[in-house]
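*Asks:* Residue strings, one per chain:
There are 2 protein chains.
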Amino acid sequence: MTYKAPLKDMLFVMNELAGLSTVNTLPGCEDATADTVEAVLEENAKFCANVVAPLNHSSDKEPSFWHDGQVSTSKGFKDAFKGFAEAGWQGVQHPTDFGGQGLPKLVATPCIEMLNASSISFALVALLSDGAIEALLTAGSDEQKATYLEPLVSGKWTGTMNLTEPQAGSDLAAVRTRAVPQGDGTYKVFGTKIFITYGEHDLTENIVHLVLARTPDAPAGVKGISLFIVPKFLVNADGSLGARNDAHCVSIEHKLGIKASPTAVLQFGDNGGAIGTLVGEENRGLEYMFIMMNAARFGVGLQGIGLAERSYQQAVAFAKDRVQSRDLAGSAGPVSIIHHPDVRRMLMSMRSQVEAARALAYVGAGISDVAHHHEDAAVRASNLAVYEYLVPIIKGWSTEMSQDVTRDGVQVHGGMGFIEETGAAQHYRDAKILTIYEGTTAIQANDLVGRKTVRDGGAVAKSIISQVRETEALLAAQGGADFKAIHRALLDGSVALEAVVEYVAANMKTDIKGVFSGSVLYLKLAGIVLGGWVMARAALVAQAKIDGGDGDALFYKAKIATARFFADHILTQASGLRTAIVEGSAGVLALTEDQF
Amino acid sequence: MTYKAPLKDMLFVMNELAGLSTVNTLPGCEDATADTVEAVLEENAKFCANVVAPLNHSSDKEPSFWHDGQVSTSKGFKDAFKGFAEAGWQGVQHPTDFGGQGLPKLVATPCIEMLNASSISFALVALLSDGAIEALLTAGSDEQKATYLEPLVSGKWTGTMNLTEPQAGSDLAAVRTRAVPQGDGTYKVFGTKIFITYGEHDLTENIVHLVLARTPDAPAGVKGISLFIVPKFLVNADGSLGARNDAHCVSIEHKLGIKASPTAVLQFGDNGGAIGTLVGEENRGLEYMFIMMNAARFGVGLQGIGLAERSYQQAVAFAKDRVQSRDLAGSAGPVSIIHHPDVRRMLMSMRSQVEAARALAYVGAGISDVAHHHEDAAVRASNLAVYEYLVPIIKGWSTEMSQDVTRDGVQVHGGMGFIEETGAAQHYRDAKILTIYEGTTAIQANDLVGRKTVRDGGAVAKSIISQVRETEALLAAQGGADFKAIHRALLDGSVALEAVVEYVAANMKTDIKGVFSGSVLYLKLAGIVLGGWVMARAALVAQAKIDGGDGDALFYKAKIATARFFADHILTQASGLRTAIVEGSAGVLALTEDQF
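Chains A and B, in that order, give the protein sequences.
Sequential numbering of the first sequence, starting at 2, is according to my numbering.
Sequential numbering of the second sequence, starting at 2, is according to my numbering.
Hints in this document: simulated from the structure, not taken from any laboratory.
Heads up, some of the hints might be wrong.
Note that identical chains are pooled: a pair holds if it fits in a single copy or bridges any two copies.
Unchecked claim - Straight-line C-alpha distance at most 30 Å; calculated DSSO-like pairs for lysine-lysine:
{"hint": "1", "residue 1": "K9", "residue 2": "K510"}
{"hint": "2", "residue 1": "K321", "residue 2": "K510"}
{"hint": "3", "residue 1": "K514", "residue 2": "K558"}
{"hint": "4", "residue 1": "K5", "residue 2": "K79"}
{"hint": "5", "residue 1": "K510", "residue 2": "K485"}
{"hint": "6", "residue 1": "K62", "residue 2": "K76"}
{"hint": "7", "residue 1": "K321", "residue 2": "K83"}
{"hint": "8", "residue 1": "K189", "residue 2": "K83"}
{"hint": "9", "residue 1": "K485", "residue 2": "K514"}
{"hint": "10", "residue 1": "K321", "residue 2": "K157"}
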């Protein structure tokens with residue numbers, strides 16, 4: 002149940018696929034030299050493996066708990082968070098102006114993966130702080146930035162996102178929490194928020210709640226939602242802590258997984274009103290929240306990848322250790338189960354999907370860096386469009402993938418996998434939240450269909466597919482059975498994806514329910530095809546390394562074999578998905594409610 | 002979280018697809034008239050819904066627990082089992098000679114599904130007793146039958162299967178438990194057995210352990226394993242209980258799911274030896290165990306179906322109740338989420354897969370009845386071969402399906418699904434054992450490939466495919482978009498399955514590891530195609546009923562729509578699976594152990 006960060010794989014993806022050498026020529030990204038990046042990743046890997054990873058299983062057995070409005074986090078979390086903050090890990094990707102390291106997203110990305118592979122429950126507090134920092138950087142006043150950013154970036158305080166209410170889950174139009182202006186620039190906030198991750202804890206002296214609420218004369222629906230800072234303790238002008246604010250944790254949830262992460266019900270204003278300050282302008286809260294949510298969605302995708310990697314590592318270790326039955330090809334006695342073809346199939350399925358999702362996410366991070374740092378506004382804009390197309394896929398597909406992978410992770414263990422002490426089952430439980438929070442897979446798919454495909458008539462999607470075509474040409478030019486299989490599968494996949502993009506763009510107006518019947522399948526198809534694309538690129542790079550006499554042929558041969566597996570076993574799902582999307586809405590929509 | 006048995010669906014399948022009207026003409030099955038069967042099912046449904054189903058969630062929260070060698074089962078289980086036994090439900094399918102009801106397997110099958118939908122943890126004790134009864138009927142001496150069968154059939158005692166040891170899971174060749182003859186016809190048994198379901202409990206006064214062990218001069222491997230009866234309490238000549246036997250529960254497991262079902266570590270012979278008697282002949286234990294295991298494997302398939310049905314019902318209820326967001330086609334205010342296309346897609350996916358797996362299992366049960374009761378030995382033999390081909394598919398596919406379905410069941414609930422109080426998460430946890438115990442999916446697939454396909458050169462598989470072809474001809478003759486889509490998908494599926502059967506049969510000798518690389522995928526493909534076949538037959542029956550003016554058109558239209566959904570969304574996976582099986586072994590087998 003140890004975790005060893007796959008640094009070599011991560012660096013391969015960063016250098017060979019995600020363009021680190023381009024990213025670190027961007028203005029403001031020059032510090033991210035290959036050497037520095039490797040050193041940062043190595044330090045991060047040590048911290049994660051030595052300090053955080055050992056807490057994952059023990060904190061599941063003894064979760065955070067609530068008592069008298071307080072939450073005590075699992076044993077070891079407080080010290081680990083102190084170490085995390087002191088080493089500056091909260092600030093990796095945040096501006097140096099506020100004490101961060103100012104490194105590109107491409108460098109922060111593997112750090113986030115590692116932390117989540119070590120413990121999703123622990124990593125969540127950092128993920129939420131990242132989101133709060135992002136929102137304040139975007140929309141906070143100078144005073145708010147001066148007050149809150151440095152403590153958040155340093156890990157002295159943490160941040161939360163308060164969106165959900167009992168009647169307002171996926172539908173934020175239904176938010177009822179009220180914010181009443183007091184005439185002195187502050188507001189009094191009243192309402193109940195649920196599912197607030199780390200809404201209460203004992204890791205830091207203060208918690209900065211970002212809260213969606215309505216002012217008294219706000220319009221109905223999503224256009225009347227504003228964003229407020231409501232700190233647990235008010236902050237004095239000198240930055241010291243003032244009075245306890247009227248924001249209290251009344252309970253935490255009993256959950257399937259991520260048990261060490263306290264999920265709070267927060268009550269605002271039961272004792273006179275919680276003091277808050279407006280972020281940005283009134284009624285623009287959802288817009289700000291979406292900025293932070295896009296960052297968080299990408300981060301949740303990384304949670305899926307990290308968790309799947311951890312599950313894979315544990316399964317490999319078990320498969321090498323557990324001796325059972327003879328080798329099918331003949332053996333003197335029983336062999337370790339990694340010799341059995343179906344165990345190997347499961348391991349390759351896990352491995353190839355983790356590698357594909359990682360490569361796609363890191364490629365996305367590199368694109369995001371170009372989108373934010375490039376000198377040319379047109380280049381920034383085109384890269385931003387591609388990044389924004391990828392975000393729902395990275396979030397939705399990587400997290401759905403993590404449920405497939407952790408399921409196989411249990412299965413590889415046989416009966417031992419079902420025993421909680423083994424630890425494989427925890428990953429299966431933890432994974433289930435990832436397709437739900439920060440927007441369910443269906444919400445990601447709505448975004449992919451509506452804002453990311455239909456709005457531009459599929460232009461961005463097709464521009465990405467044209468890049469896939471370029472890779473296909475390179476594959477066709479390579480010899481050998483592996484590249485032939487990869488080429489054929491990628492071609493079938495990209496044809497299917499293109500057909501679906503056209504179907505979606507063409508039919509939205511006339512058959513909106515039909516199109517949305519296939520939205521999640523479209524997201525899955527896009528994940529598979531784009532994942533297959535980056536795997537194919539990895540295989541091409543690997544072949545070039547081998548041809549160039551690179552010493553590490555075993556590593557590169559494994560890249561080709563893994564891409565081949567992905568092509569034969571995962572990419573081949575594409576044409577079935579195409580049919581389900583394009584032809585399958587009749588079956589989805591035929592029944593009346595009463596027929597269920 | 003209530004459960005309502007889908008009696009109408011069950012009776013439809015029994016009458017229209019599984020041939021109840023043929024089964025009840027078989028010798029010994031004449032009591033199973035349509036009226037009797039309906040009455041039995043209605044009574045069983047009442048018992049399950051009123052007595053057992055309410056215990057499912059509470060018993061998960063307060064599982065069975067161990068203390069001083071005893072196991073106290075969850076609150077309510079003792080009374081429920083008493084009621085179960087008194088009503089005669091343990092004996093539904095067992096011979097009247099020993100107090101059973103002597104009903105065909107086709108009638109017992111929905112009863113088993115209902116009990117498992119109500120509580121898998123509870124139903125397991127009955128499932129294990131069924132297996133013990135089956136083994137004793139097959140191989141027990143007259144004295145053993147006289148002593149043990151009536152108390153087992155009546156539910157006065159329960160039975161267990163003791164196979165697994167720490168070093169012997171899937172590989173029973175590694176069994177070490179010893180049985181030493183005492184010269185008086187009894188043996189002393191020594192050893193440790195793990196993962197023994199209901200190996201200890203407080204439901205009944207005695208427990209009949211069936212134990213695999215080796216006699217002193219037994220050959221090595223699976224050919225040296227014998228089967229023994231080792232009761233918890235020895236039984237006197239008059240049937241009364243004698244001394245406590247030396248078989249003790251030293252602990253129970255802390256599991257991911259089915260928490261109310263005690264999974265025992267049993268220690269035999271630590272205090273001088275546990276007294277056992279040999280079942281049948283020495284060294285034929287595995288053969289007897291396989292008889293009972295085949296029955297148990299079919300039963301585990303039903304567990305998957307029952308659990309998936311329960312998860313589906315809960316998801317439908319939530320989707321009708323939970324109001325969130327407007328209708329995509331426009332609505333004045335927010336609507337229940339069953340109006341949203343992706344929720345509906347998930348519900349249809351759950352529904353169609355449950356219906357397909359149920360239909361296939363019930364069809365299998367009907368074939369088993371013909372195989373056991375028909376007067377003509379040749380008819381018995383050909384039906385037995387088909388049934389035995391279906392068993393690993395019914396077990397493997399239905400249980401894998403239950404993991405897909407319960408995952409969607411959580412997803413439909415959104416954030417509430419992740420909260421344990423909701424109950425959806427329990428199904429997701431419970432489902433994970435089903436692909437592991439009674440032989441993992443890979444073990445089922447080994448059986449499907451080796452004994453069921455290669456041994457006869459694919460003859461039985463092809464005989465089933467030729468029946469699928471007959472259905473395809475009927476589909477082609479039907480008009481309309483639904484039947485056109487179903488026909489095309491089934492045709493593609495059956496072509497893929499036939500190609501895979503030929504590949505498996507042809508390549509086993511030259512490329513055994515390659516063939517077994519795709520064994521689980523072959524099982525999945527067979528499940529999908531045969532599931533699609535029975536759904537297509539259901540649609541044809543439904544259309545005939547509609548054409549004939551049957552009053553219940555809504556019910557029959559739903560059958561056609563559900564078959565259409567299955568064709569477009571599930572059957573369309575077939576050609577991708579074919580490629581993965583036939584072309585995909587290179588990627589599975591390429592890496593050396595060190596490359597992992």
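*Asks:* Each of the hints needs a verdict: does it hold here or not?
*Replies:* These are the hints, each one checked on the structure:
1. For the identical chains of this complex, K9 and K510 are neighbours neither inside a copy (47 Å) nor across copies (39 Å), given an alpha-carbon limit of 30 Å.
2. Only between protomers do K321 and K510 lie at most 30 Å apart by alpha-carbon distance; the minimum there is 27 Å, versus 54 Å within a single protomer.
3. In the homo-oligomer, the alpha carbons of K514 and K558 lie at most 30 Å apart only across protomers (20 Å), although the nearest pairing inside one protomer, at 45 Å, exceeds that limit.
4. Only within a single protomer do K5 and K79 lie at most 30 Å apart by alpha-carbon distance; the minimum there is 23 Å, versus 48 Å between protomers.
5. In the homo-oligomer, the alpha carbons of K510 and K485 lie at most 30 Å apart only across protomers (26 Å), although the nearest pairing inside one protomer, at 39 Å, exceeds that limit.
6. Proximity of K62 to K76 under the C-alpha cut-off of 30 Å is found in both arrangements, the shortest distances being 10 Å within a copy and 24 Å between copies.
7. Neither within a single protomer nor between protomers do K321 and K83 lie at most 30 Å apart by alpha-carbon distance, with minima of 36 Å and 46 Å respectively.
8. Proximity of K189 to K83 under the C-alpha cut-off of 30 Å is found in neither arrangement, the shortest distances being 32 Å within a copy and 60 Å between copies.
9. Taking the shortest Cα distances, K485 and K514 sit within 30 Å of each other only across copies (22 Å), while inside one copy they are farther apart (38 Å).
10. Taking the shortest Cα distances, K321 and K157 never come within 30 Å of each other, neither inside one copy (43 Å) nor across copies (45 Å).
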